[in-house]
Amino acid sequence: MTDRQSLIEQATAAFPEEVVTHAPVHLLDLPGGAGRFALITLDNGFDHTKPTTFGPRGLVNIDVALDEVAKLAEDGEIVAAGVTGKPFIFAVGADLKGIAGAASKEIAKATGKQGHDTFRRLGELSVPTFAFINGAAMGGGVEIALHCTYRTVSAGLPALSLPEVFLGLIPGWGGTQLLPRLIGPDNAVTVVLDNPLSQNRQLKGKKVFELGIADAIFEAADFLEESLGWAAAVIKGELVVERKEYPEAEWTAALERGKQIADSRVHGATPAPYLALDLIGSARTASRSEGFDAEDEALADRIMSEEVRSGVYSFNLVQKRAKRPVGAPDRSLARPVTKVGVVGAGLMASQLATLFVQRLAVPVVLTDIDQERVDKGVKYVHEQLDLLALKGRLNSDKLNRLKALVSGSLTKDVFADADFVIEAVFEELSIKQQVFAELEAVVRPDCVIATNTSSLSVTEMASKMEHPERVVGFHFFNPVAVLPLLEVVRAEQTDDPSLATAFAVAKTLKKNAVLVKDAPAFVVNRILTRFLGVINEVLDEGTPIEVADRALDPLGLPMSPFELLELVGPAIGLHVSETLHAAFPDRFAVSENIKKLVAAGKRGIYQWVDGVRVVDPELEALFEVGDSPSTAEQVLDRATTALAEEIDLMLREGVVAAAEDIDLCMILGAGWPFHLGGITPYLDRTGVAEKVAGRRFLDKGVASLP
Amino acid sequence: MPRTARDVVFVDGVRTPFGKAGPKGMYAETRADDLIIKCIRELVRRHPELPVERIGEVAIAATTQIGDQGLTLGRTAALLAGLPQSVPGYSIDRMCAGAMTAVTSVAGSVALGSVDIAFAGGVEHMGRHPMGEGVDPNPRIIAERLVDESALVMGQTAENLHDRFPQLTKERSDAYAAASQEKYAKALANGKIEPDLVAVATRNTLESQAGPGWGLATADEPPRPGTTIEGLAALKTPFRVRGKVTAGNSAGLNDGATASIIAAEDVARELGLPVRMRLVSYSFAGVEPEVMGFGPIPATEKALAIAGLTIDDIGLFELNEAFAVQVLALLDHYGIADDDPRVNPWGGAIAIGHPLASSGVRLMTQLAHHFEEHHEVRYGLVSMCVGLGMGGTVIWENPNHEEYGK
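Protein chains in written order, with the working numbering: chain D, 1 to 706; chain P, 1 to 406.
Nothing false has been slipped in among the hints.
Chain D is faced by these chain P residues, among others (derived, beta-carbon under 8 angstroms):
id, residue
1, Lys38
2, Ala81
3, Arg203
From the structure, some residues in chain D lie toward chain P, with a derived Cβ separation under 8 angstroms:
id, residue
4, His26
5, Asp43
6, Thr84
7, Pro87
8, Leu224
9, Glu225
10, Leu228
Treat the hints as calculated values from the structure; they're not laboratory data.
Backbone N, C-alpha and C define an ideal beta-carbon position, used for all residues, glycine too.
Okay, chain D solo, but in the shape it has when bound:
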């Protein structure tokens, strides 16, 4: 008792803000006279909006519950024991605040060991144990279930995952050891590596059962009753659960597949997936204790790594900051939007119209200069809606409703009763100003006028208007339907109600809005252009294309510079760099070779020959390069230096409220990885920030080791 008391006191001191999970034990009689059953409910005392997590005190509570259960089992008072969760939640794993706060490897290792020592008891009692996975289960929540002898899952389960690798961790409470033996190494690679590295993909109840993580599946309406009935049948021997052995060849093949997945997603930039893979591989022959010790060691190393601190920081940015944009005006100021106008009916405009009608379900009118373009735009939206219906995302009534809401017009008078009009016409200031003047002639004075410009000054666009205060920048990322980021630009005269309306619309569109100042190219494009400008520079200087393009691989970015150039389109890339060059000629160059590429009508640097990607052979003749090539290391150094310089300037200019917003933009708008923390934690930890800007972007401990 004293031991435990002092443990609790230590745990409380180390992590005072823990939301403590309780583990009450309830004795019940199984149906059909199968005997008494001890059921532990994991419950943190809050409703489902605050999911149950495991911190040190919570683990002690579970350990105490298991003392009680173990005694009941030894005394022959129960025939089996089980674990389930509060309504809608099983358990979502270790409390990240606790993990991220570990001050030393010793503490980190103790965290891993405490989980192992507690959970493994479920697999080592004198009676069989059952996990009834009634709701969301993640990380340690999945692992506590894996320690049980049997598992059932609710068909209504929304999400189950081992997200550790996604954050730069490894499943450290038995996951890498127990899962491959239960469901086979190949399925384990899917759950431990492939899913977390695929935007942290979640498994639903049916899939959990199909993978073999659960032995039985029951509908949500009477999940626990049916699960207990099933448990009774297993205990009475009426049901026998078969477990498979997996031959060595399957392990070898699974590990090879895992290696390919890791290489293709992180290019060796973070060790977590490789470590997880090693641990999975060891599970074939390691004893439980050996395996768990190896997990403790690996987990502690990971917890004490910069990548994980950045990963947890990134996770919190996406989960919290993205949902409550910093600097957004009070949402009560927002005006209702009951009709939307889209100026232009080209591809971007049509994508915007599709998104607006789909999410806002209000009339959306597209305008353009000739009937053919208008018809084409409306047709595009209708086709996109048809596709959604085909995917089962819209039923036929909803499809009819949304299609009927979309219309086109040649004149802008249809915008007279619109509350929000967005333009997506050609990127030229004078054209945009003319469009705004035409709009102002027909719309109400309080109609919000938005521009999807990617680089022009919103303030200048609004400068000739009678009511410039209702103009906002609303910068989407391509493809509009996929990328979650929206840069909401406050121009010099934008007022709070208009800005609040823009944020409210962004929320309804299910986009993560970040408030940015009206500065050239805003955030994502400015950083990408500066960063990739270095690649173009070294190319022009004579660095071989392959060297230049691979130089940034150590960062583990989702695509290489020239892959990105191809995705964006060389012409658009060039345009943005010209805009930025005009604004900041000393930092943003315009590459002569990229100009040539655009002039030659090339879509990129590479082409595909017989399924192999090769540099376009015509480029050798096309490009004019210098004779001072750089090494990959030199390129990386110049690129990160440029990044740090630009970010420092942006923060000084007040383009965003804080470095956190830069990171959020890069994660959501460019897909930059969690283990970099977006980017500023990486620049801090490599010392580049200090060297270039003379300061850290984030205080020590925010996204780094203390």
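Put chain P on the given structure of chain D with help from the hints.
Coordinates of chain P only, in the frame set by chain D:
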């Protein structure tokens, strides 16, 4: 167009274990709609031969149709139980005879041919919805003395029934109550009770007085085995000083739900559904509200008359024991002994509990079991008293009897 009434049969019935109402009861934090949903799902599970899309109606009774007992419970419960969207449903209220009225209502629909198969049941969570919750009696009831003021307090109406029949002494009530407990205990020991029960997972929050965490209700909570006449004699009489009605000789405040499958006999036979009882007749009758417990007598008289039967034709009785005195009044009326073995062979609501609107189907489900054990009995009846001065009686025929259908 000529019409032929179809025969209506009782296919099956289930119930949740009944709980004690209140913060320490096993269902303290379990929703009422969840209780009825478990019953509906259990019936579907027990009858894979029943094509769910042929269910024509789901009629669910509750006295207090508020919150989790509101929102047109028959429809919401059907949807939440996973029945097809094409299956309609509605709510019923006749206080204690809610589930009984659900059965007779759908029986009417079945007989008329508008529905082939129906689910009928009831639920009352008297912990979450105490009697009288949200009522707003019309002031004319008092101003014009339309109803004696004791009529709204069920215990007082039971005292009034003792007044009307002085031969129904407290001693007789207590003896009847003790016997009810004893009969239930015996039935439980003999495995008669469990087959009708649907296990219900019960979840309590950390602060629960009933103990936190998930549990599983598998047995009735209200029974008090070992109850003696002497022990009952000492109980307080809360409704009247030196009265006769006690917590021991009346049903308690309870939580629970019941559901049954009612079908046209030809449809049941076509689908291979069991035919457990055939509906012979039913009747509801009104009496002075302040002697509500008298209601079963005129209701039974009418039901017998409709069926062309006499009380001598009835071989088994399932009478709701809201109060011992109310059962005794009916037995006395027909000259049946207090301890007649044909009456409530497995005990009654005094032991099991009486979650108001759910009880009618429990009586029917148990009568169906008695029919299986007593092929010699051709007719049985269920009867119950109803608040505001009513009674309801349903007479059923035993398909196991050799003269069934002749």
